[in-house]
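As they're listed, the protein sequences go chains A and B. Read in order, the letters of the first sequence correspond to residues 154 to 398 in the numbering used here. Read in order, the letters of the second sequence correspond to residues 154 to 398 in the numbering used here.
By construction, these hints were calculated from the structure, which means they are not laboratory data. These numbers were taken from a predicted model, which means no experiment stands behind them. Be careful, since some hints might not be right.
Quick list of in silico lysine-lysine cross-link-like pairs, DSS-like style, CA-CA up to 25 Å [to be verified]:
{"#": "1", "chain 1": "B", "residue 1": "296", "chain 2": "A", "residue 2": "303"}
{"#": "2", "chain 1": "B", "residue 1": "190", "chain 2": "A", "residue 2": "227"}
{"#": "3", "chain 1": "A", "residue 1": "227", "chain 2": "B", "residue 2": "296"}
{"#": "4", "chain 1": "B", "residue 1": "203", "chain 2": "A", "residue 2": "227"}
{"#": "5", "chain 1": "B", "residue 1": "204", "chain 2": "A", "residue 2": "227"}
{"#": "6", "chain 1": "B", "residue 1": "184", "chain 2": "A", "residue 2": "227"}
{"#": "7", "chain 1": "A", "residue 1": "299", "chain 2": "B", "residue 2": "303"}
{"#": "8", "chain 1": "B", "residue 1": "303", "chain 2": "A", "residue 2": "184"}
{"#": "9", "chain 1": "B", "residue 1": "336", "chain 2": "B", "residue 2": "394"}
Beta-carbon label-pair distances, calculated as ranges [unchecked claim]:
{"#": "10", "chain 1": "B", "residue 1": "348", "chain 2": "A", "residue 2": "321", "range": "53 to 61 Å"}
{"#": "11", "chain 1": "A", "residue 1": "348", "chain 2": "B", "residue 2": "311", "range": "50 to 58 Å"}
{"#": "12", "chain 1": "A", "residue 1": "187", "chain 2": "B", "residue 2": "336", "range": "43 to 51 Å"}
{"#": "13", "chain 1": "B", "residue 1": "392", "chain 2": "A", "residue 2": "187", "range": "32 to 40 Å"}
{"#": "14", "chain 1": "A", "residue 1": "321", "chain 2": "B", "residue 2": "187", "range": "31 to 39 Å"}
Positions of the beta carbon are idealized from the N, C-alpha and C atoms, including for glycine.
Okay, here's what each chain looks like letter by letter:
Protein chains: 2
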Amino acid sequence: MNFPSNIFNSHSKKDGDFFLGISKVLGFKPKDVSIYKKAFLHRSANQKDKKGNPMNYERLEFLGDAMLGTIISKHLYNEVPGGDEGYLTKMRSKIVSRKHLNELGKDLNLIRFVETKIPKSHFGDNIHGNVFEALIGAIYLDKGYKYCEKFIQERVIEPYVDIEQLEGKVISYKSLLIEWCQKQKKEFKYDVYEDNGNDPLKHFGVRLTINGKQVAKARATSKKKAEEKASKRAFFALQHKIENS
Amino acid sequence: MNFPSNIFNSHSKKDGDFFLGISKVLGFKPKDVSIYKKAFLHRSANQKDKKGNPMNYERLEFLGDAMLGTIISKHLYNEVPGGDEGYLTKMRSKIVSRKHLNELGKDLNLIRFVETKIPKSHFGDNIHGNVFEALIGAIYLDKGYKYCEKFIQERVIEPYVDIEQLEGKVISYKSLLIEWCQKQKKEFKYDVYEDNGNDPLKHFGVRLTINGKQVAKARATSKKKAEEKASKRAFFALQHKIENS
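Chain A with its partners taken away, still in its complex shape (with noise of 0.2 Å):
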């Protein structure tokens, strides 16, 4: 039997896992899978397109910061009617932090796709929401506005953006709930498990329990995040308790 020669080499099987991982991580099939090669090409690898021009994630990285600062715009837009310009530009800038998107980043492990010729140890923090921003500048490229928006929507704004806690009027919901079960001498636990589901991301899952009673359950990428949104949730179902108590 004759298979084409390039079946069995690496470069097809490295191409394969690529394009599962980032599918993975995307939520979708890209169309052109090259633009997402480019979003993870660090410069120190020294590719060239046919033009001859250098090829890396910069340009992307310049164009998915622009798309991000957009759609984060018109979500702080819609969410609080009563922020005017000044606020909203804190805001923002707040949630497309360098801090903040190294997070992103991080927590998407995208520096396993980074092309490099430098050991990945040496890079410092920036690389992740470095490729993070190209990434979201290669969706834009390759599926357009809307997949750019769900992909934002699903990966920064829901797991990430809470306005109460950007505008430093609640510092911690765990902290708030726990002071209210120590001064109504409730008992609370905080039960962690892993659970990465369909997830391309590590997880963790915490249930929450006050008199021996489930009152939330909440997933998120680290122990802390998962104990403040299952706390969040357990806020916002006793509020009416809490606020009287």
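Put chain B on the given structure of chain A with help from the hints.
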């Protein structure tokens, strides 16, 4: 005969005029005209929404600024494959400069729509750019991304974005052309005429003839721009001759 009482009152006439005027600027009919009204509401008008939140164009300006940056970024990304992140950033900031946005707003005569308690003559130049950005924000909310992209393409990119000029490679096609004609001992003439067509903007048409033969025509919002545009067209039409002369 009984007419609804508001048919003849000035409020309804004013609303109708706004709808027609803004539709002409947009090139399409608004779905929710109230969003566009907000785009021209100056803070001096002191208006509030139903919940008592201050209502003026500044929030829409925030949104429009972000969207304009994104569309221009995408345009530059596609048009200049060899430009790195620094180049793209620099070119974008030239295109969305305060001065340029003011010019765009002025050309569309957007100030006629502004609702304010301050005499319009007291405003500085920035009002033009501010409401231009707010208008983009309104389109984004009312009709979504696609309409926004089309509007920016037609109203910003096509008439105003010339990458070679922005790069400073070509200062003026008119001066290049005149220089060539003089060297070649050719007679040239720019004929200017008003040509508004169906456009809401005042337009000028220019016919450029060389040795009595028409070589290019162009329309633009000023005489100077139309001459430049016609010269550019003539330049590219004659490029072979010019480069070998």
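Results for each hint:
1. B:296 / A:303: Roughly 17 Å separates the two Cα atoms, so the pair holds.
2. B:190 / A:227: 18 Å, holds
3. A:227 / B:296: Holds, because 13 Å separates the two Cα atoms, which is no more than 25 Å.
4. B:203 / A:227: Satisfied, since the Cα-Cα distance of roughly 21 Å is no more than 25 Å.
5. B:204 / A:227: Given pair residue 204 of chain B, residue 227 of chain A holds - Cα atoms ~20 Å apart, limit 25 Å.
6. B:184 / A:227: 18 Å, holds
7. A:299 / B:303: Given that 25 Å is the threshold and the Cα spacing comes to 16 Å, the pair holds.
8. B:303 / A:184: 23 Å, holds
9. B:336 / B:394: 13 Å, holds
10. B:348 / A:321: 53 to 61 Å: Hint holds: Cβ distance 57 Å, inside 53 to 61 Å.
11. A:348 / B:311: 50 to 58 Å: 52 Å, holds
12. A:187 / B:336: 43 to 51 Å: 48 Å, holds
13. B:392 / A:187: 32 to 40 Å: Taking Cβ atoms as reference, residue 392 of chain B and residue 187 of chain A lie about 34 Å apart, which means the hint holds.
14. A:321 / B:187: 31 to 39 Å: The hinted range 31 to 39 Å holds for residue 321 of chain A and residue 187 of chain B, with Cβ atoms some 33 Å apart.
When held up to the earlier numbered hints, the structure conflicts with none and fits them all.
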